[in-house]
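Visitor: Sequence:
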Amino acid sequence: MPELVVVTGAFSYTGSFIARRLLDDGVRVRTLTRRDDPASPLHGKIETAPLQFADRAALVESLRGARCLYNTYWVRFERGGTTFDRAVRNSAFLFAAAAEAGVERIVHVSVSSPSDDSPLPYFRGKAQVERELAAAGPAYAIVRPTLVFGPRDILVNNIAWILRRFPVFVVPGDGSGRVQPVSAEDVAEIAVTATRTVDAAGPEEYSFAELVRLVGAAIGCRRPLVHAPPRLALAVGAIAGVARRDVLLTRDELAGLQASLLVSHEPPRGRASFREWLERNGATLGRAYVSELARNFRPYAPL
49 MPELVVVTGA FSYTGSFIAR RLLDDGVRVR TLTRRDDPAS PLHGKIETAP LQFADRAALV
109 ESLRGARCLY NTYWVRFERG GTTFDRAVRN SAFLFAAAAE AGVERIVHVS VSSPSDDSPL
169 PYFRGKAQVE RELAAAGPAY AIVRPTLVFG PRDILVNNIA WILRRFPVFV VPGDGSGRVQ
229 PVSAEDVAEI AVTATRTVDA AGPEEYSFAE LVRLVGAAIG CRRPLVHAPP RLALAVGAIA
289 GVARRDVLLT RDELAGLQAS LLVSHEPPRG RASFREWLER NGATLGRAYV SELARNFRPY
349 APL
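Residue numbers (the numbering used here): 49 to 351.
It is worth saying that the hints were derived from the structure and are not from the lab.
Quick caveat: nothing in here was measured; it's all calculated off a predicted structure.
Among the clues, some could well be false.
[Unchecked claim] With a straight-line Cα cutoff of 25 angstroms, these simulated SDA-like cross-link-like pairs (lysine to any residue) come out: (1) Lys93 - Arg343; (2) Lys93 - Val108; (3) Lys93 - Arg68; (4) Lys93 - Pro50; (5) Lys93 - Arg200; (6) Lys93 - Arg112; (7) Lys93 - Tyr61; (8) Lys93 - Glu233; (9) Lys93 - Asp73; (10) Lys93 - Arg78; (11) Lys93 - Arg153; (12) Lys93 - Gly113; (13) Lys93 - Met49; (14) Lys93 - Glu109; (15) Lys93 - Glu152; (16) Lys93 - Asp72; (17) Lys93 - Tyr121; (18) Lys93 - Arg76; (19) Lys93 - Thr241; (20) Lys93 - Glu237; (21) Lys93 - Arg82.
Generate the whole structure from the sequences, applying the supplied hints.
Guide: Put into structure tokens, the structure is as follows:
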């Protein structure tokens, strides 16, 4: 029987690419997920078990027999009882369960530029999770993606969606914050081959304003960029979020973008060109809005 690995969130975004990459290697994949997704292309190809943080014994059993755990669990923003502090505690709970189950190795997907000293709870929480992993016991590797792009990603797709529907695009501040896009396929490849803590970044780097212009050119919707104070840009995003019943942009994301936290200071490990990907996918990019709340907060089918 093929060896078993566990992937958290294989019906979500990054986890789905990791699961597909592992299946290509002939590995048996089990996902720990908060909800089932019968519409996923992976449905029926992988085993499923609940990702829950109330019953440690059940969580240990769902991990037992796995050689490796690929962890993508995290939260993009706080909502209701979902907080960064709770996500850190949940991550530590998961790592401890993996150790008890005899998992030999954990590969954890973090973010570029995590820091215990960060004033941004998102990036600070990511650093705290990395420390919990280091103390958990099993061997581990950490992958730190920059800005992940790919089919039906949220940020790039929704930039295109806005450009298709509005006469101008509001850019927070001067738009000079740097980003280094990396493809979801490259992140998956880096994750399955990682042996230590590494950044996952693509070969190209742009200012945010340059990125928006590239997207506009690729989809045939070149719009004027209107530079607005960050607080005003957040307010505009909040209004649009209410209209879409979603969260378009968070304060941490904006601050991280302005501080150029989504770039790497290591040689790029990703190979895919963001510019070339846009040229190939511009015709379909942004045709439909992709909702963060629908993807990660609203229930699918129960397990």
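Visitor: Run every hint past the structure and note whether it holds.
Guide: Hint check results:
Our distance criterion of 25 angstroms between C-alpha atoms is met by Lys93 and Arg343, whose separation comes to about 20 angstroms. For a cut-off of 25 angstroms, the pair hint linking Lys93 to Val108 stands: about 22 angstroms separates their Cα positions. Using a Cα cut-off of 25 angstroms, the hinted pair Lys93 and Arg68 holds, with the two alpha carbons roughly 10 angstroms apart. A C-alpha spacing of about 14 angstroms is found between Lys93 and Pro50, which places the hinted pair at or below 25 angstroms, so the restraint holds.
The hinted pair formed by Lys93 and Arg200 meets the criterion: a straight-line CA distance of about 21 angstroms does not exceed 25 angstroms. The hinted pair formed by Lys93 and Arg112 meets the criterion: a straight-line CA distance of about 19 angstroms does not exceed 25 angstroms. Of the pairs offered as hints, the one joining Lys93 and Tyr61 holds, with about 16 angstroms between alpha carbons and a cut-off of 25 angstroms not exceeded. Simply put, Lys93 and Glu233 have alpha-carbon atoms about 19 angstroms apart, close enough for the 25 angstroms limit, and the pair holds.
With a C-alpha separation of about 13 angstroms, the suggested pair Lys93 and Asp73 falls inside the 25 angstroms cut-off, and the hint holds. At roughly 9 angstroms between alpha-carbon atoms, Lys93 and Arg78 fall within 25 angstroms of each other, so this suggested pair holds. Of the supplied pair hints, the one linking Lys93 and Arg153 holds, its CA atoms being roughly 23 angstroms apart against a limit of 25 angstroms. At most 25 angstroms may separate the alpha-carbon atoms for a hinted pair to count; Lys93 and Gly113 meet this at roughly 18 angstroms.
Distance hint between Lys93 and Met49 is fulfilled; the C-alpha atoms sit about 15 angstroms from each other, no more than 25 angstroms. Distance hint between Lys93 and Glu109 is fulfilled; the C-alpha atoms sit about 20 angstroms from each other, no more than 25 angstroms. Between Lys93 and Glu152 the alpha-carbon distance is near 24 angstroms, which keeps this suggested pair within the 25 angstroms criterion. Between Lys93 and Asp72 the alpha-carbon distance is near 11 angstroms, which keeps this suggested pair within the 25 angstroms criterion.
A C-alpha spacing of about 21 angstroms is found between Lys93 and Tyr121, which places the hinted pair at or below 25 angstroms, so the restraint holds. Only pairs whose Cα atoms come within 25 angstroms are accepted, and Lys93 paired with Arg76 is accepted, the gap being roughly 9 angstroms. The suggested pairing of Lys93 with Thr241 holds, with an alpha-carbon distance near 22 angstroms, which does not exceed 25 angstroms. Taking the CA atoms of Lys93 and Glu237, the gap is near 19 angstroms; set against the 25 angstroms cutoff, the hint holds.
For the suggested pair Lys93 and Arg82, the alpha carbons sit about 18 angstroms apart, so the restraint of at most 25 angstroms is met.
Every hint, counting from the list given before, is met by this structure.
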